[in-house]
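Given the coordinates of chain A, assemble chain B onto it according to the supplied hints.
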Amino acid sequence: MTEQEPRDPVPGAALENEARFWPVILLGAMALLIGIGILMHYNEGAKAQWVPLLGVLMTLGIFSVLYKENPVFRFLEHILVGLATGFGVLFIWFNYLEPNWYLAMMPNAAAQAGEPHGQWWLIFALLLALMFYTVYFPKLSWMNRFLIGVMMGWSAGFAFQGFVSVVAPQLRTSFKPPVTGYDLMQGQAAEHIHQQMNNIQIGPVWFHPFALIFIVVLLCTMAYFFFSVEHRTKWIRQPANAGRYFIMIALGAIFGTTVMGRITLLIGRLDFLKNTFADWWQALVK
Amino acid sequence: MPELPLAGMFSWLTALFSPLDKPGWFWLAIVVSTLLFLGVMLALHQLSPAAKKWLTIVCTFLAGLYFALEFFWPTTYDAALDKRVNFITPTLEPVTTFVAIVGAWTFGLGIISLALVHGKRLFRRASGWHHSLAFFLALIAMLAFGFWTKAGSSETAGPAAQAVYTTLFRGVMINLEATMFALLAFYIASAAYRAFRVRTAEAAVLMIAAFVVMLGFVNFGVAMTAGIPKDSWWAFFRMENLSFWTLGWLNMPAYRAVTLGVEVGALAMAMRIWLSLERGAFFSQEK
Numbered sequence: 000m001t002e003q004e005p006r007d008p009v010p011g012a013a014l015e016n017e018a019r020f021w022p023v024i025l026l027g028a029m030a031l032l033i034g035i036g037i038l039m040h041y042n043e044g045a046k047a048q049w050v051p052l053l054g055v056l057m058t059l060g061i062f063s064v065l066y067k068e069n070p071v072f073r074f075l076e077h078i079l080v081g082l083a084t085g086f087g088v089l090f091i092w093f094n095y096l097e098p099n100w101y102l103a104m105m106p107n108a109a110a111q112a113g114e115p116h117g118q119w120w121l122i123f124a125l126l127l128a129l130m131f132y133t134v135y136f137p138k139l140s141w142m143n144r145f146l147i148g149v150m151m152g153w154s155a156g157f158a159f160q161g162f163v164s165v166v167a168p169q170l171r172t173s174f175k176p177p178v179t180g181y182d183l184m185q186g187q188a189a190e191h192i193h194q195q196m197n198n199i200q201i202g203p204v205w206f207h208p209f210a211l212i213f214i215v216v217l218l219c220t221m222a223y224f225f226f227s228v229e230h231r232t233k234w235i236r237q238p239a240n241a242g243r244y245f246i247m248i249a250l251g252a253i254f255g256t257t258v259m260g261r262i263t264l265l266i267g268r269l270d271f272l273k274n275t276f277a278d279w280w281q282a283l284v285k
Numbered sequence: 000m001p002e003l004p005l006a007g008m009f010s011w012l013t014a015l016f017s018p019l020d021k022p023g024w025f026w027l028a029i030v031v032s033t034l035l036f037l038g039v040m041l042a043l044h045q046l047s048p049a050a051k052k053w054l055t056i057v058c059t060f061l062a063g064l065y066f067a068l069e070f071f072w073p074t075t076y077d078a079a080l081d082k083r084v085n086f087i088t089p090t091l092e093p094v095t096t097f098v099a100i101v102g103a104w105t106f107g108l109g110i111i112s113l114a115l116v117h118g119k120r121l122f123r124r125a126s127g128w129h130h131s132l133a134f135f136l137a138l139i140a141m142l143a144f145g146f147w148t149k150a151g152s153s154e155t156a157g158p159a160a161q162a163v164y165t166t167l168f169r170g171v172m173i174n175l176e177a178t179m180f181a182l183l184a185f186y187i188a189s190a191a192y193r194a195f196r197v198r199t200a201e202a203a204v205l206m207i208a209a210f211v212v213m214l215g216f217v218n219f220g221v222a223m224t225a226g227i228p229k230d231s232w233w234a235f236f237r238m239e240n241l242s243f244w245t246l247g248w249l250n251m252p253a254y255r256a257v258t259l260g261v262e263v264g265a266l267a268m269a270m271r272i273w274l275s276l277e278r279g280a281f282f283s284q285e286k
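Protein chains in written order, with numbering that gives the first Met the number 0: chain A, 0 to 285; chain B, 0 to 286.
Okay, chain A solo, but in the shape it has when bound:
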């Protein structure tokens, strides 16, 4: 086995054979692109073409990593981190902190009825939050641990409510009766084959096989994770073994949906490229 040097020991470091003038070219190109974008904003026709052009450049720049690691990809990766971080701040401020904290706290004599304002005590939210930042000062860092402790206590108390609001409805819907004395469809036509197969009339009762399957799969999977008794006796070992297969089915299904989700994203990008190029081609032909 040959020893291989790690290709990138330091995240974000320059590539080995990266030319020294790359930074200037890349930063200059980015400034130029944004500068042209501002100028183009004053021309409606140009404005409509500018954003797709930039989109194509960005898309191809990121896809270039599929060939090999390169300075353009690295550069765009860092641009993305910067922009996404900045946008995260904007999102938190404009969607949460501004309406719930800033506007609710600041005085506003012209506020409409029901519009929160002048709630000066909300300053304590900021003062408490500042305790998080004491983590950078060792002498004061006990404040950070104190606040984290309080927040964890809050979350722990909230877990009681979360447990009931999340688990109780799930348990109720999981254990639907497999045999009922009534027709689930109540005379309505089944829209799906599963509705038909899950509502079989046997004499005076209706049998719902899928409800039974649901309960069996649920209990077997729970048996697999039930470690309070040793899995030696038949009554626990066999359901637990079946549970292992059911977990595999669930993981397979989750994997399948994840793959399809990623492929959909890729198709979306390729579709964007195709449509943009088609638009440009049509504009050229005209």
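A hint or two may mislead.
As the list claims (entries may be wrong) - Pairs of lysine-lysine, DSS-like flavour, derived with a Cα cap of 25 Å: (1) 138(A) x 119(B); (2) 273(A) x 67(A); (3) 273(A) x 285(A); (4) 138(A) x 51(B).
Quick caveat, the hints were computed from the structure, so don't treat them as lab data.
Then chain B, alone, in the frame of chain A:
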């Protein structure tokens, strides 16, 4: 946002915690509150490490007790709200909002962390410093033009500022983000190669389930079983139906069982944290 929680219970608190619309009184309240808070923190700072540790334990318990009490305290029916409430219930929403505001302010920790990493590299002119410069320029540009244009919704910001924000957001960020996630399609191919190596019965089951679900989503899979009549009971074996059934009646209960286990575990963990039975980096710091 409703009035402060305790306002309904004690009249003097109602008077104290009433909104202030006159700027003079408002800023006086802000200054006094800040000084009071700093004074309390300064006093607490003088405590011994052991006392600070106990303070944290007690406050953690009290913080958890609030929600626990709200949950366990007997309730009565309130016709106006059309739900069962106890004396703590009306305070639940403002308190949760307050806690969420405190939590929301932590965004700065992430920025500081990134700024420290990239700042060091930039000022030392270490390898890849231009990447760090690009990071800072992108961050500052997004923050500056985002706040200037109110994330593109301002009516007073000029067209040039709007143009820069549109260019940064729609032209650059959206496309970079979408393409970065689209790259995962290629990486998941190697994951699929590992997952689909059938070595055991469990791996075979996983592969079959994944294939059934994937085929149910694509036209090719649907076309494979298009010959089965839709109105017969055999229609169950049409790929789209089988895929749907696998997700709804095999994947769902198994996944739910795992979720239930996680929830029970989370509850047990919550109890340990609430009662300060959990030890680790958090409590062991204070000797």
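- Item | Numbered hints the structure breaks, given as an ascending list | Result: no hint breaks.
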